[in-house]
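> Using the sequences provided together with the hints, build the complete structure.
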Amino acid sequence: MNIIVCIKRTPDTETRISIADGGASIDPSGVKFIVSPYGEFAVENALRTKEAAGDGNVTVLTLGDASSQETLRSALAMGADAGILLEGEPTQDGLATAKVLVAELEQHEPDLVLLGVKAADDDQQQVGPMVGTLLGRPCVTAVSAFTVENGVATCHREVEGGTEIVEVMLPAVLTITKGDFDPRYASLKGIMAAKRKPIEQKEAAAVESRLQTVSLELPPERPEGRIVGEGADAAPELARLLREEAKVL
Amino acid sequence: MSNVLVISEQRDGAVRGVSHELLTAARSVASGLGGSVHALTVGDSTPTGADALGAFGAETVKVVADDGFSAYSGERFAAAIAEIAGGGDYGAVFFAATSQGRDLAPRVAALLDVPLAGDVTGVDVQDGGVVFTRPIYSGKAIATVKPTATPALATLRPNVFAASESAAAGSVESVSVEVSDVATATVTSFEAAGGDMDVAEASVVVAGGRGLKDPDNWNLLTDLRDAIGNDVAALGASRAVVDAGWRPHGEQVGQTGKTVAPKLYFAVGISGAVQHLAGMRSAGTIVAINKDPDAPIFQVADYGIVGDLFEVVPVLTDEIRELKSGG
Ligand SMILES: Cc1cc2nc3c(=O)[nH]c(=O)nc-3n(C[C@H](O)[C@H](O)[C@H](O)COP(=O)(O)OP(=O)(O)OC[C@H]3O[C@@H](n4cnc5c(N)ncnc54)[C@H](O)[C@@H]3O)c2cc1C
Ligand SMILES: Nc1ncnc2c1ncn2[C@@H]1O[C@H](COP(=O)(O)O)[C@@H](O)[C@H]1O
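Residue numbers (the numbering used here), protein chains in the order written: chain A, 1 to 249; chain B, 250 to 576.
Source of the hints: derived by calculation from the structure; they are not laboratory data. Treat each hint with caution, since some may be false.
[Said to hold, decoys possible] From the structure, some residues in chain B lie toward chain A, with a derived Cβ separation under 10 Å:
| # | residue |
| --- | --- |
| 1 | Glu324 |
| 2 | Gly388 |
| 3 | Thr393 |
| 4 | Val394 |
| 5 | Thr404 |
| 6 | Val428 |
| 7 | Ala442 |
| 8 | Gly499 |
Even for Gly, the Cβ is constructed at its ideal location relative to N, Cα and C.
Below you can see the structure in the form of structure tokens.
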């Protein structure tokens with residue numbers, strides 16, 4: 001079982017975002033970067049799939065700047081076998097990103113390509129199904145759990161009102177959402193081992209972004225709220241305000 | 250001059266209400282582009298409600314009704330939509346940012362070789378081109394983006410564009426498409442999550458967190474939801490209570506759960522961690538009930554009660570029940 005997981009370096013979800021001069025990007029100073037959370041779920045799923053199969057290979061692939069080495073190392077420390085860094089600048093144009101990833105994926109013959117359902121920076125929710133379409137492989141999105149048997153992946157797909165059970169023949173592309181388990185922590189041994197694991201680093205294929213960022217703004221402040229009162233005595237007043245002032249009941 | 254195509258999703262043989270929101274947004278873009286609005290719906294029969302899309306501004310309603318589309322398949326549906334969208338004079342194509350729309354739109358974008366703006370909360374036409382606004386960094390910033398290829402594709406976040414009527418011809422026209430054989434995934438079964446309304450679709454969300462102390466206490470929240478009406482209100486949850494196994498993941502709101510934009514959001518016994526806010530900060534009115542006056546949830550709440558939820562919620566439920574019955 002040959003699995004490639006696409007992961008992205010994104011700001012920690014706790015990070016405060018401020019806009020850089022020029023108004024079209026964020027100010028990276030003081031921002032802590034992590035493996036985008038859904039990408040981490042994807043790595044965890046890949047490792048479990050390999051463990052269940054008893055053999056195989058998990059490669060992590062990213063498009064990013066040189067500091068994305070760290071992102072790959074974090075996944076290697078969790079247990080992935082090798083990393084590939086395509087050096088380049090990801091943009092909000094997910095199709096441009098998908099093309100770069102696909103150019104690399106086509107050099108390999110992965111049975112499974114896993115991605116996160118969305119990246120925690122641009123939140124586009126698109127690269128996975130684009131990769132599937134460009135590769136000409138079936139893609140199942142929003143998968144919270146899956147098992148592979150006899151070349152078929154049986155996936156739990158989270159949709160409004162419930163879970164679909166979806167079967168797909170490998171090779172296939174899956175986008176991973178949160179499921180029943182958390183990503184594993186890297187052990188000290190894992191971190192040491194990761195230092196010796198191979199990372200191939202090369203220039204990303206040049207693909208132009210066709211989704212220009214015109215401007216970035218901080219979201220409008222929510223108008224100052226109000227404490228209606230303390231304890232159960234405030235409940236009737238709250239109900240009245242919701243009906244008469246906010247007009248939402 | 251170019252038109253705007255709205256992909257109108259079906260569920261159980263009917264067009265979904267979110268189509269009306271999309272048509273409303275599409276009207277403003279179509280008038281900026283000097284064209285008109287078309288709707289397209291794909292399934293195995295003409296869905297209930299297709300003939301009513303004209304009331305929201307659809308000039309024509311294109312219906313693909315073919316047994317080959319009886320069950321949803323991302324690969325096949327995308328091929329059909331790309332064929333129609335690519336074959337007409339379309340300046341923009343809008344999908345709903347639902348499970349289906351988010352699955353479909355990126356595939357159509359790849360087939361048409363155009364970029365896609367995901368989870369859009371604002372649309373506009375500037376200098377003859379479509380621009381979108383969309384939250385990024387989990388809502389901590391808002392980006393304005395401009396596609397430089399047409400059609401401009403976007404998924405629009407449900408509940409953000411208020412639907413309004415504006416009559417157009419709405420003539421229903423049947424279209425046929427040829428989809429060549431593609432490798433697809435197959436849905437073999439569906440496990441309904443209790444049949445309750447989904448948190449991402451509800452106009453009121455009653456969300457609970459670790460402050461409820463025990464999963465057995467959720468009857469407090471189901472009672473509140475029922476007093477509001479279980480046809481409009483749904484339960485939501487923080488990650489802490491989902492991870493503890495108290496609530497199903499389908500209810501989780503936040504960074505690693507669902508993004509919701511209801512008219513009214515109750516956060517009960519939820520501290521308001523930044524990852525929770527990521528999923529609900531665009532709600533219309535936010536109510537917080539928490540015993541800790543310094544809980545961060547109060548910073549985004551429009552109305553707050555500082556107090557013990559076990560005392561506050563039952564009284565609030567009774568009050569709302571009474572308001573509802575008294576009119
Ligand atoms: C990468 C990442 C992703 C995450 N994704 C999500 C996500 O999608 N969604 C999410 O929710 N979280 C997410 N989290 C977790 C988040 O950081 C918080 O841990 C979580 O939201 C806390 O849940 P809570 O508010 O229920 O619990 P707590 O933080 O423990 O808060 C409980 C609250 O209940 C109040 N309370 C206690 N007793 C009472 C009472 N009797 N009456 C009234 N109030 C009471 C307390 O004052 C407290 O404010 C994520 C974290 C990370 C790192
Ligand atoms: N620059 C990138 N490098 C590698 N994978 C990426 C990159 N951008 C996005 N992805 C993958 O695509 C998923 C969805 O991202 P997005 O469509 O941008 O929300 C992410 O969770 C990653 O798995």
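> Which of the numbered hints above does this structure break?
Hint 6 contradicted; others consistent.
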